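Single-letter residue listing:
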Amino acid sequence: MSERRLSPNLVIGAALVTLVCGVALLSVIWTPHPHAVINVAQKFAPASAEHWLGTDQLGRDLVSQLMVAAGNSMMVAMLAVGVGCVLGTSLGLLAAARGGWTEEAIMRVSDLGFAFPALLFAIMLAAAYGPSLSVVVVAIAFINIPIFARVSRAAANQVWHREYVYAARAAGMGRFAISRDHILPNIAAPVIVQATIEFAVAILTEAALSYLGLGAQPPAPSWGRMLSEAQTLMYLAPQLAIWPGLCIFVAVLGFGLLGDGLRDMTDPRLVRERRA
Amino acid sequence: MIEVEGLSITSAAGPILRDVGLHVAPGERLGVVGESGSGKTLLAMSLMGMVPDGLSVTGSIRIDGAEMCGADESAWRRLRARRMAMIFQEPMSALNPLRRVGDTVAEPLIRHLGLAPRAARDKALALFDETGILDPERRLSQYPHQLSGGQRQRVLIALALACDPELLIADEPTTALDANVALRITRLLVRLAEERRMGLLFISHDLAAVSRTTERLMVMYGGDVVETGATAEVLRAPAHPYTAGLLSARPSLAAHGKRRLPTIPGSVPPPQELPRGCRFSGRCGQEIARCAAEMPQPVTTAPDSWAACHLLQARAKGAGA
Numbered sequence: 000m001s002e003r004r005l006s007p008n009l010v011i012g013a014a015l016v017t018l019v020c021g022v023a024l025l026s027v028i029w030t031p032h033p034h035a036v037i038n039v040a041q042k043f044a045p046a047s048a049e050h051w052l053g054t055d056q057l058g059r060d061l062v063s064q065l066m067v068a069a070g071n072s073m074m075v076a077m078l079a080v081g082v083g084c085v086l087g088t089s090l091g092l093l094a095a096a097r098g099g100w101t102e103e104a105i106m107r108v109s110d111l112g113f114a115f116p117a118l119l120f121a122i123m124l125a126a127a128y129g130p131s132l133s134v135v136v137v138a139i140a141f142i143n144i145p146i147f148a149r150v151s152r153a154a155a156n157q158v159w160h161r162e163y164v165y166a167a168r169a170a171g172m173g174r175f176a177i178s179r180d181h182i183l184p185n186i187a188a189p190v191i192v193q194a195t196i197e198f199a200v201a202i203l204t205e206a207a208l209s210y211l212g213l214g215a216q217p218p219a220p221s222w223g224r225m226l227s228e229a230q231t232l233m234y235l236a237p238q239l240a241i242w243p244g245l246c247i248f249v250a251v252l253g254f255g256l257l258g259d260g261l262r263d264m265t266d267p268r269l270v271r272e273r274r275a
Numbered sequence: 000m001i002e003v004e005g006l007s008i009t010s011a012a013g014p015i016l017r018d019v020g021l022h023v024a025p026g027e028r029l030g031v032v033g034e035s036g037s038g039k040t041l042l043a044m045s046l047m048g049m050v051p052d053g054l055s056v057t058g059s060i061r062i063d064g065a066e067m068c069g070a071d072e073s074a075w076r077r078l079r080a081r082r083m084a085m086i087f088q089e090p091m092s093a094l095n096p097l098r099r100v101g102d103t104v105a106e107p108l109i110r111h112l113g114l115a116p117r118a119a120r121d122k123a124l125a126l127f128d129e130t131g132i133l134d135p136e137r138r139l140s141q142y143p144h145q146l147s148g149g150q151r152q153r154v155l156i157a158l159a160l161a162c163d164p165e166l167l168i169a170d171e172p173t174t175a176l177d178a179n180v181a182l183r184i185t186r187l188l189v190r191l192a193e194e195r196r197m198g199l200l201f202i203s204h205d206l207a208a209v210s211r212t213t214e215r216l217m218v219m220y221g222g223d224v225v226e227t228g229a230t231a232e233v234l235r236a237p238a239h240p241y242t243a244g245l246l247s248a249r250p251s252l253a254a255h256g257k258r259r260l261p262t263i264p265g266s267v268p269p270p271q272e273l274p275r276g277c278r279f280s281g282r283c284g285q286e287i288a289r290c291a292a293e294m295p296q297p298v299t300t301a302p303d304s305w306a307a308c309h310l311l312q313a314r315a316k317g318a319g320a
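In order, the protein sequence lines correspond to chains P and R. In terms of numbering that gives the first Met the number 0, the first sequence opens at residue 0 and continues consecutively. In terms of numbering that gives the first Met the number 0, the second sequence opens at residue 0 and continues consecutively.
Source of the hints: derived by calculation from the structure; they are not laboratory data. Keep in mind that a hint or two might mislead.
[Unchecked claim] Far from chain R by the CB rule (all over 10 Å, computed), these chain P residues:
1) Ala13
2) Val39
3) Ala153
4) Tyr210
5) Leu232
6) Tyr234
7) Phe248
[Said to hold, decoys possible] Just some of the chain R residues that point at chain P, by a computed CB distance under 10 Å:
8) Met0
9) Val3
10) Gly5
11) Gly48
12) Arg77
13) Ala80
14) Leu94
15) Pro96
16) Leu158
17) Cys162
[Stated by the list, open to error] If the Cβ cut is set under 8 Å, some of the chain P residues that face chain R in the computed set are:
18) Glu162
19) Tyr163
20) Met172
Just so we're clear, the structure is a prediction, and the values are computed from it rather than from any experiment. Idealized CB from N, CA, C, for every residue including glycine.
Start from the sequences and build out the full structure, keeping to the hints where you can.
Below, the structure written as structure tokens:
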């Protein structure tokens with residue numbers, strides 16, 4: 000065990016994710032300034048001891064906004080990926096356990112879900128219910144369901160042919176009990192890897208939807224909306240676009256690398272290749 | 000009590016099991032031998048109701064008088080563990096690597112016998128003790144990778160015994176174990192079958208293990224039963240050329256270095272390429288003209304023993320004339 004080296008992807012990814020999550024958690028209890036307080040006298044203030052990254056066009060503290068936005072972003076990604084993962088994995092397990100037409104039906108409906116762009120779905124929801132972060136959560140969760148259904152079904156179908164599953168069947172276990180006790184724990188690794196990667200995608204999607212005005216509504220800060228507001232001020236105050244952009248970059252890169260690193264660590268095929 | 004008659008299993012490519020009949024009464028120990036591809040494992044699976052999808056099963060499988068051929072999954076599930084249980088070839092892979100072995104064994108106790116977790120643990124401990132697991136108390140909370148192959152096979156036997164089955168199907172339980180451990184496992188199986196008045200269906204290609212373990216023997220080739228009889232008799236005086244071939248292909252210490260190990264030439268062809276007549280034709284050293292074309296009928300060789308071979312038929316006719 001001791002000679003197993005952690006991949007650089009994993010280490011860098013974990014560090015970035017820890018940083019982003021730490022800041023997001025911290026924003027719940029502390030920010031340098033209240034993020035929504037407008038102080039027009041202080042607008043476009045440069046970086047200083049008072050405002051570490053300066054202020055925006057309404058004199059709001061940039062660091063505080065970025066921190067709260069990190070919290071919002073994490074919350075949206077966590078809820079969306081969480082719901083998508085639980086529902087999708089359940090469907091995947093069900094498909095693998097039942098087989099036959101149940102499996103066909105679930106997988107074909109999943110294909111339909113795949114064909115449906117998240118953005119279009121979010122626009123539809125926003126048109127019907129008004130733009131909000133909830134719309135973003137539902138839209139991202141929705142596109143995540145078929146992804147997790149597909150990953151978990153493929154992994155579960157393999158596990159169903161393991162000898163210990165035959166042994167459990169020979170011991171009279173039902174399909175539901177086997178799925179819960181034997182299949183689920185043994186497909187956890189690929190599902191967790193997928194969840195980490197989908198987390199990165201969710202952050203990006205949330206930023207995109209908020210940029211389009213379908214997500215976080217003022218005064219709730221969001222990296223995507225901060226970008227879109229800074230767009231018109233690009234020549235006047237480029238830092239207002241650069242910092243939220245950098246935040247999105249760091250968060251997405253962190254989760255992406257972490258997912259890759261976890262995959263390298265848990266995929267037996269890759270482990271074998273590395274040993275050889 | 001399990002009775003099988005005329006059991007055939009057919010895939011899209013052709014028959015995999017043809018007209019198999021067997022019966023195992025409580026306390027009776029029946030061996031099934033044959034090389035890989037002879038249909039032994041499929042036979043075991045069919046007795047558990049776990050034939051893979053896409054294969055058609057015909058004939059009769061009667062368990063305690065109830066006809067189970069064509070029964071649905073839930074009917075089979077009611078019988079599994081309580082009427083018949085099964086242990087597997089690879090004790091390495093037949094245990095979930097992520098579960099404590101104690102939990103694996105306690106699971107059917109809780110589900111089928113309705114025991115409380117505490118009582119199930121005690122029963123699992125008693126089963127570990129009965130199957131000769133060393134230091135059973137500590138083993139309960141260990142994971143499969145912490146156990147040796149022999150200990151894992153004992154855990155699987157404990158799992159199979161959990162709900163007091165009437166029949167234990169052992170599918171090559173000693174193949175993955177070294178000779179010494181295999182010897183102890185077969186002794187354990189015999190002891191358990193005797194003490195519990197439990198039927199044992201012992202599937203193996205290890206003739207030594209079969210002769211130690213079973214009273215009656217069934218030799219399979221290419222999905223057919225070619226010979227059956229009392230184990231000692233069949234091994235002493237094999238009636239079918241295939242059985243004789245299997246026996247002479249055993250390595251023996253006495254002859255070590257003095258001769259090449261005799262083998263049966265070739266290997267079992269895939270189901271769709273098996274000859275129409277005697278399945279063994281093409282590999283048999285004593286083949287006569289009608290072997291390949293005509294399926295031989297069983298010829299009684301002793302009370303409750305028979306072999307299906309044209310040579311025997313010819314000889315029986317010769318003796319009758």
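Right, here's what the structure says about each hint:
A cut-off of 10 Å between C-beta atoms confirms that P/Ala13 is not in contact with chain R; the least separation is 23 Å. Every C-beta of chain R lies more than 10 Å from that of P/Val39, the closest at about 60 Å, which supports listing it as non-interface. Every beta carbon of chain R lies more than 10 Å from that of P/Ala153, the smallest distance being close to 18 Å; the non-interface claim holds. For P/Tyr210, the condition that its CB be more than 10 Å from all CB atoms of chain R holds, with the nearest at approximately 43 Å.
For P/Leu232, the non-interface assignment is confirmed: its Cβ lies about 54 Å from the closest Cβ of chain R, beyond the 10 Å cut-off. At roughly 58 Å from the closest C-beta of chain R, the C-beta of P/Tyr234 stays outside 10 Å, upholding its exclusion from the interface. In this structure P/Phe248 is separated from chain R by more than 10 Å, as the shortest Cβ-Cβ distance comes to about 37 Å. Taking 10 Å as the C-beta contact cut-off toward chain P, the hint placing R/Met0 at the interface is violated, the least distance being around 19 Å.
For R/Val3, the suggested interface contact is broken, since its CB lies about 17 Å from the closest CB of chain P, more than 10 Å. Given hint, R/Gly5 at the interface with chain P, is violated; its Cβ is 24 Å from that chain's nearest Cβ, farther than 10 Å. Because the beta carbon of R/Gly48 sits about 9 Å from the nearest beta carbon in chain P, less than 10 Å, this interface hint is met. Hint status for R/Arg77: holds, given a least beta-carbon distance of 8 Å to chain P, under 10 Å.
Of the supplied interface hints, the one on R/Ala80 holds, with its beta-carbon coming within about 4 Å of a beta-carbon of chain P, less than 10 Å. Hint on R/Leu94 holds. Least Cβ distance to chain P is approximately 5 Å, under the 10 Å limit. With a cut of 10 Å, the hint placing R/Pro96 at the interface with chain P holds, because the nearest CB-to-CB distance is about 8 Å. Checking R/Leu158 against chain P: minimum C-beta separation of about 6 Å stays under 10 Å; hint holds.
Satisfaction of the interface hint for R/Cys162 is found here, the shortest Cβ-Cβ separation to chain P being roughly 7 Å, below the 10 Å cut-off. At its closest, the beta carbon of P/Glu162 sits 4 Å from a beta carbon of chain R; the interface hint therefore holds under the 8 Å criterion. Here the hint on P/Tyr163 is kept, as its CB sits about 4 Å from the closest CB of chain R, short of 8 Å. Checking P/Met172 against chain R by beta carbon gives a least distance of about 7 Å; that is within 8 Å, so the hint holds.
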